[in-house]
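Please build the complete structure, drawing on both the sequences and the hints.
Residues per chain, in single letters:
There are 2 protein chains.
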Amino acid sequence: MWNNEVNPMKMSRLFGMRIKEDPAEATTASHKFLIRGGYARQVSAGIFTLLPMGKRINDKIEAIIREEMNRVDGQEVLMPVVSPADLWMESGRYETVGAELLRFKDRNDKAMVLNMTHEEACCQIARTEINSYKQLPMMVYQLQTKYRDEARPRAGLLRVREFTMKDAYSFHTTPEDLDQYYWRVHEAYERIFRRVGMTHVVSILSNTGMMGGSVSHEFMLLADCGEDNIFLSPDGKSYKANREVAVSGLKFEKSGEELPLEQVMTPGKKTIEEVGEFLGVSADRTGKAVFYSTDQGELIFVLIRGDFEVNECKLKNAVKANDIKFATDDQIRAIGAVPGYASPVGLKEIPGKCRFIIDPSIAGSSNLVVGANAPDTHYKNFNYGRDLTEGTIVDVACVRPGDPCPVTGEPLVFKHGIEIGNIFQLGLKYSKSMKVNFLDKDGKSKPMWMGCYGIGVGRTLASVIEDNHDDYGPIWPISIAPYHVNLLALQPGKDGVGEKAEEIYQELNKLGIETLYDDRGEKAGFAFNDADLLGIPFRVIVTPKSMAAGVAEVRTRASRDTEMIPLDQVAAVVAEKVRAELAKYAD
Amino acid sequence: MWNNEVNPMKMSRLFGMRIKEDPAEATTASHKFLIRGGYARQVSAGIFTLLPMGKRINDKIEAIIREEMNRVDGQEVLMPVVSPADLWMESGRYETVGAELLRFKDRNDKAMVLNMTHEEACCQIARTEINSYKQLPMMVYQLQTKYRDEARPRAGLLRVREFTMKDAYSFHTTPEDLDQYYWRVHEAYERIFRRVGMTHVVSILSNTGMMGGSVSHEFMLLADCGEDNIFLSPDGKSYKANREVAVSGLKFEKSGEELPLEQVMTPGKKTIEEVGEFLGVSADRTGKAVFYSTDQGELIFVLIRGDFEVNECKLKNAVKANDIKFATDDQIRAIGAVPGYASPVGLKEIPGKCRFIIDPSIAGSSNLVVGANAPDTHYKNFNYGRDLTEGTIVDVACVRPGDPCPVTGEPLVFKHGIEIGNIFQLGLKYSKSMKVNFLDKDGKSKPMWMGCYGIGVGRTLASVIEDNHDDYGPIWPISIAPYHVNLLALQPGKDGVGEKAEEIYQELNKLGIETLYDDRGEKAGFAFNDADLLGIPFRVIVTPKSMAAGVAEVRTRASRDTEMIPLDQVAAVVAEKVRAELAKYAD
Chain A
3 MWNNEVNPMK MSRLFGMRIK EDPAEATTAS HKFLIRGGYA RQVSAGIFTL
53 LPMGKRINDK IEAIIREEMN RVDGQEVLMP VVSPADLWME SGRYETVGAE
103 LLRFKDRNDK AMVLNMTHEE ACCQIARTEI NSYKQLPMMV YQLQTKYRDE
153 ARPRAGLLRV REFTMKDAYS FHTTPEDLDQ YYWRVHEAYE RIFRRVGMTH
203 VVSILSNTGM MGGSVSHEFM LLADCGEDNI FLSPDGKSYK ANREVAVSGL
253 KFEKSGEELP LEQVMTPGKK TIEEVGEFLG VSADRTGKAV FYSTDQGELI
303 FVLIRGDFEV NECKLKNAVK ANDIKFATDD QIRAIGAVPG YASPVGLKEI
353 PGKCRFIIDP SIAGSSNLVV GANAPDTHYK NFNYGRDLTE GTIVDVACVR
403 PGDPCPVTGE PLVFKHGIEI GNIFQLGLKY SKSMKVNFLD KDGKSKPMWM
453 GCYGIGVGRT LASVIEDNHD DYGPIWPISI APYHVNLLAL QPGKDGVGEK
503 AEEIYQELNK LGIETLYDDR GEKAGFAFND ADLLGIPFRV IVTPKSMAAG
553 VAEVRTRASR DTEMIPLDQV AAVVAEKVRA ELAKYAD
Chain B
3 MWNNEVNPMK MSRLFGMRIK EDPAEATTAS HKFLIRGGYA RQVSAGIFTL
53 LPMGKRINDK IEAIIREEMN RVDGQEVLMP VVSPADLWME SGRYETVGAE
103 LLRFKDRNDK AMVLNMTHEE ACCQIARTEI NSYKQLPMMV YQLQTKYRDE
153 ARPRAGLLRV REFTMKDAYS FHTTPEDLDQ YYWRVHEAYE RIFRRVGMTH
203 VVSILSNTGM MGGSVSHEFM LLADCGEDNI FLSPDGKSYK ANREVAVSGL
253 KFEKSGEELP LEQVMTPGKK TIEEVGEFLG VSADRTGKAV FYSTDQGELI
303 FVLIRGDFEV NECKLKNAVK ANDIKFATDD QIRAIGAVPG YASPVGLKEI
353 PGKCRFIIDP SIAGSSNLVV GANAPDTHYK NFNYGRDLTE GTIVDVACVR
403 PGDPCPVTGE PLVFKHGIEI GNIFQLGLKY SKSMKVNFLD KDGKSKPMWM
453 GCYGIGVGRT LASVIEDNHD DYGPIWPISI APYHVNLLAL QPGKDGVGEK
503 AEEIYQELNK LGIETLYDDR GEKAGFAFND ADLLGIPFRV IVTPKSMAAG
553 VAEVRTRASR DTEMIPLDQV AAVVAEKVRA ELAKYAD
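Going line by line, the protein sequences match chains A and B.
Its first residue numbered 3, the first sequence is counted upward by one per residue in the working numbering.
Its first residue numbered 3, the second sequence is counted upward by one per residue in the working numbering.
Hints should not be assumed to be uniformly reliable.
What the hints assert, rightly or not - Simulated crosslink set (BS3-like; lysine-lysine; CA at most 25 Å straight-line):
no.	chain 1	residue 1	chain 2	residue 2
1	B	112	A	107
2	A	136	B	525
3	B	22	A	437
4	A	12	B	148
5	A	112	B	148
6	B	22	A	136
7	A	22	B	437
8	B	136	A	525
9	B	136	A	12
10	B	107	A	112
11	B	502	A	136
12	A	136	B	12
13	A	586	B	512
14	A	525	B	443
15	A	22	B	136
16	B	12	A	443
17	B	107	A	148
18	A	496	B	136
19	A	443	B	112
20	B	107	A	107
21	B	107	A	136
22	A	502	B	586
23	A	148	B	148
24	B	586	A	512
25	A	112	B	112
26	A	107	B	148
Said to hold, decoys possible - Residues of chain A placed beyond 10 Å of chain B at every Cβ, according to the derived structure:
no.	residue
27	164
28	186
29	201
30	230
31	245
32	498
Derived from the structure by calculation, the hints contain no laboratory data.
Every value quoted in this text rests on a predicted model; they were computed, and no experiment measured them.
Note that beta-carbon positions come from the ideal geometry of N, C-alpha and C, so glycine has one too.
Shown next, in the form of structure tokens:
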């Protein structure tokens, strides 16, 4: 049903300039090459225009996504960018989501939002279009513009404010059906990222965050420039998790006799390092207090062993807060603790006001040095269970590179990643608040089980560059390359070069090969630099010298291998190469 | 390069319900059927979600538009929905465009807008990507989401707030090149509207409005529900114009002797009708005063013959105002005129404060009755040129049905129309203010001549329904029909009907025919009503009776003609019909 034109292009009329210099603000390969290659232009911070070369790549990525979404029985819809705030109030997210949700009033003074995700809008249609268990499961998806009011957009298309997202929503009668479908989408995502040409993508356990729900995975391209932090088992398979939720296989067991609690003076020693050094114990023999306040105004008193850092994401989940931040000294003093020397010894939890969170590293260690709630004073030989019994024991520690894998026990490996997709088992979160119900076999009304599945198209595009480039430009996988073949005529006015190149161009067009023809007659070095920035898989070069030999040079962008092919065969030979290469990404 | 899947569908799993009753608020066929057929759902006033059936139609319209834009050398880009207000300040439109331009502050307190059109954004890229006359002409286009903060959205997809628009922008070295290209796009538009299946589209002269520029045409679907008012010559070709700018071929010539100006008492008579009746003259022997104030605070005193109405669009253009409204009585009195009895006799224009606009109907008529600037008093025998010499003579009259055509002299015909596309010769308006310059052959920097070209995709979709429907639903032209064939199994559990229908379904899929298979086993009447609402060109019906006769019924949605085709040939026969029908819209 879609436009199927080959739509060839001559560079003399291509819209979008190549640029010689790296843009000053660009720190990643994708940002550099997207600007330098004429794929995209910044309109404002985090807001870009896609130029024709970028748009073609974008469309090919979208086509692959569509194929795979249709393959898992998805049906494409188009929901709006702008929605009434009412819908977000129904789900409760109008209150809980931060400033990244753009809120405004329309000219009739009605509160509206720019949808940054479409659970609400999709629930609104699901509840009118689905009535019966007979219609379930059902999945709808869209490829659509999102706006997220990021405070600090960066890195070109990697972190933006406006972007095209594929978002999908599935509805089910049971959690089992949701789970089964969720893993079908997981497979579809693996196919998508493989087919667009990325080879270093892993799916990892992730935090459900503002989306809610229980199970969730992120698809990460492993890349040094990635903002996300990932822990992997050494085999890269047995365990994979975002640092936000990663757990280690560390076991904490008390050992030896519990010595008597002893108060010691530690004049001027505040940090764990200072106290440890002063008392001659290492950080893992100390306990540190860290204080947070939640958006509900509760003070959270975290006690964690001195050799660990608090994982704020895990802590937020543990205390079920939308947001937490470090407590002020005044807030700490208000519960009777002394900043810098705090410990929960002698203090009590106050329901709704102050809660103790005890990391297992504390609960499973003996004879620790902790604060004594008095200036220049610490306790030695603190033992949880004896010196303190209050508090919730829950893992809120950041995993550290080298900590044992919870599955294999081997040392965990730390990597950076770019999040290019995520999938969520939302469960009943939205169905219940927004009354998305169906009638089951017995005629009883029940809320639907819901999943949602996102892919950032622009971020995928940029990530393909991060995963496929050299010093000179992107190396596009043929499945999403703007063109299959880059035909260059060098000195086109000489010895019939231009005429022959034009002939080859026409032949390639007839063969259905998408060709970008550099007909400009620029110098070889200049033309090759442009060709590198355009990153098209196959290059066909016609020059006076090659004409004399009756051949054209065929060069592969990735390997830089070259071959000389007789002029009368070159179109057919290259077409064959293109088809063979395309077939690798077909499925 | 695009997704080319047939993507068949069974109705048992199709997302989007058919609805039996007309929605209460729907007054047009397209609004009714878009909702009833499960094509679209309202999210908020003027904001819709496209369900799968609507999305498929939308995509086919977009594909046709893309083909035709590529055919006129367009290159597709994607500009953002959100832009910094700076850009609109550069062009000056941040001030001149009204509340329909949604303005907001981002979280860093920067002024932003939701682009309702992209001249500014396109100029921003044109000035960086085009430097030389060698790159011109250049045309870029996009299919993208627009938001226009309409005060009163209505009629389903006909007047909305959020919509997909194809907008294109061309750049040229000379006005002649712009004009030539403009007419190429005009032809492309004619092809587009023909190919999506509309047969009552005309292009008419239109007002350039907030876009600026000189020449402009609107493409109108002639339809009674249309909001636009159009005047056509009887042949439908010689003259076609929007009422906003239409002129008539009326000639006004003074006749007879100019009689002496005479003051008469007209106690209690205020309206033209009352005064005319009282003095025994018809409306065309009177002159009426109409007062406006402009957004620049100027009072406009219009004098026009009593049998004409002021055309506010022509008036706005004549006085070069962004906005005009009726003046208040206080404003009228401030220049010494008397509301209800005003005339310019004895008054003077005040530069920057009060201007006289004299319609030719006044300047070319003799001995008129006009106000005398005193209560209950009029003049007889007013003659412009004698009793008043000030003022600008300019046509600001609404054309009336039956007025002579300015080209043929025959009576003009009045029609309603839906504006589905428009094209503008913008000239240098944006290039100059936004410094979109190129270097000409002599190395001189010059502003580019610019054109812009829009089509509302959703409005086109709705208009196709207005142009193609019966009482039971839309009759989709096959070029944009959601599916080519609607296969129905009636009593699928009986006599192998379901199995045979499934076989035909598979055969049609293999033949590349897009098929929607009604496998639900609903009663015939119910299934046929749904089929009518789905409006698919060909219907193939398998029933126990047809099975017994070894045939399937093939029915055409438009003509309702039916044929009985042997079961083993039906897929091939229908595929042939589909291809023949598709060919009609191919070019």
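Tested hints:
1. Taken as a hint, the residue 112 (chain B) and residue 107 (chain A) pair is honoured in the structure, with Cα atoms around 17 Å apart against an allowance of 25 Å.
2. As the CA atoms of residue 136 (chain A) and residue 525 (chain B) are separated by approximately 17 Å, the hinted pair is consistent with the 25 Å bound.
3. The hinted pair formed by residue 22 (chain B) and residue 437 (chain A) meets the criterion: a straight-line CA distance of about 24 Å does not exceed 25 Å.
4. At roughly 31 Å between alpha-carbon atoms, residue 12 (chain A) and residue 148 (chain B) are farther apart than 25 Å, so this suggested pair is violated.
5. Annotation: proposed proximity of residue 112 (chain A) to residue 148 (chain B) holds, straight-line Cα distance about 19 Å (limit 25 Å).
6. Simply put, residue 22 (chain B) and residue 136 (chain A) have alpha-carbon atoms about 20 Å apart, close enough for the 25 Å limit, and the pair holds.
7. At most 25 Å may separate the alpha-carbon atoms for a hinted pair to count; residue 22 (chain A) and residue 437 (chain B) meet this at roughly 24 Å.
8. Of the supplied pair hints, the one linking residue 136 (chain B) and residue 525 (chain A) holds, its CA atoms being roughly 17 Å apart against a limit of 25 Å.
9. With a C-alpha separation of about 13 Å, the suggested pair residue 136 (chain B) and residue 12 (chain A) falls inside the 25 Å cut-off, and the hint holds.
10. With a C-alpha separation of about 17 Å, the suggested pairing of residue 107 (chain B) with residue 112 (chain A) holds against the 25 Å cut-off.
11. Of the supplied pair hints, the one linking residue 502 (chain B) and residue 136 (chain A) holds, its CA atoms being roughly 23 Å apart against a limit of 25 Å.
12. The suggested pairing of residue 136 (chain A) with residue 12 (chain B) holds, with an alpha-carbon distance near 13 Å, which does not exceed 25 Å.
13. About 24 Å separates the Cα atoms of residue 586 (chain A) and residue 512 (chain B), which keeps this hinted pair within 25 Å; it holds.
14. Straight-line distance between C-alpha atoms of residue 525 (chain A) and residue 443 (chain B) comes to about 21 Å, which keeps the hinted pair within the 25 Å bound.
15. For the given pair, residue 22 (chain A) sits about 20 Å from residue 136 (chain B) by alpha-carbon distance, which is consistent with the 25 Å threshold.
16. Of the supplied pair hints, the one linking residue 12 (chain B) and residue 443 (chain A) holds, its CA atoms being roughly 21 Å apart against a limit of 25 Å.
17. With a CA separation close to 17 Å, the supplied pair residue 107 (chain B) and residue 148 (chain A) stays within the 25 Å bound.
18. Under the criterion of a C-alpha separation no larger than 25 Å, the hint pairing residue 496 (chain A) with residue 136 (chain B) is consistent with the structure, at around 21 Å.
19. For the hint linking residue 443 (chain A) to residue 112 (chain B), the alpha-carbon distance of about 54 Å lies beyond 25 Å, and the restraint is violated.
20. With a CA separation close to 11 Å, the supplied pair residue 107 (chain B) and residue 107 (chain A) stays within the 25 Å bound.
21. Only pairs whose Cα atoms come within 25 Å are accepted, and residue 107 (chain B) paired with residue 136 (chain A) is rejected, the gap being roughly 46 Å.
22. For a cut-off of 25 Å, the pair hint linking residue 502 (chain A) to residue 586 (chain B) is broken: about 37 Å separates their Cα positions.
23. At roughly 13 Å between alpha-carbon atoms, residue 148 (chain A) and residue 148 (chain B) fall within 25 Å of each other, so this suggested pair holds.
24. With a CA separation close to 24 Å, the supplied pair residue 586 (chain B) and residue 512 (chain A) stays within the 25 Å bound.
25. Straight-line distance between C-alpha atoms of residue 112 (chain A) and residue 112 (chain B) comes to about 22 Å, which keeps the hinted pair within the 25 Å bound.
26. Between the alpha carbons of residue 107 (chain A) and residue 148 (chain B) the distance comes to roughly 17 Å, so the proposed pair stays at or under 25 Å and holds.
27. Here residue 164 (chain A) does not stay apart from chain B, with its beta-carbon only about 5 Å from theirs, under the 10 Å limit.
28. For residue 186 (chain A), the condition that its CB be more than 10 Å from all CB atoms of chain B holds, with the nearest at approximately 15 Å.
29. Against the 10 Å criterion, residue 201 (chain A) stays outside the reach of chain B, whose nearest CB is about 23 Å from its own CB.
30. With a least CB separation of 23 Å from chain B, residue 230 (chain A) remains clear of the 10 Å interface cut-off, as annotated.
31. Even its closest Cβ contact with chain B, about 26 Å, leaves residue 245 (chain A) beyond 10 Å, as expected for a residue assigned away from the interface.
32. At roughly 23 Å from the closest C-beta of chain B, the C-beta of residue 498 (chain A) stays outside 10 Å, upholding its exclusion from the interface.
Of the numbered hints listed earlier, those contradicted by the structure are 4, 19, 21, 22, 27.
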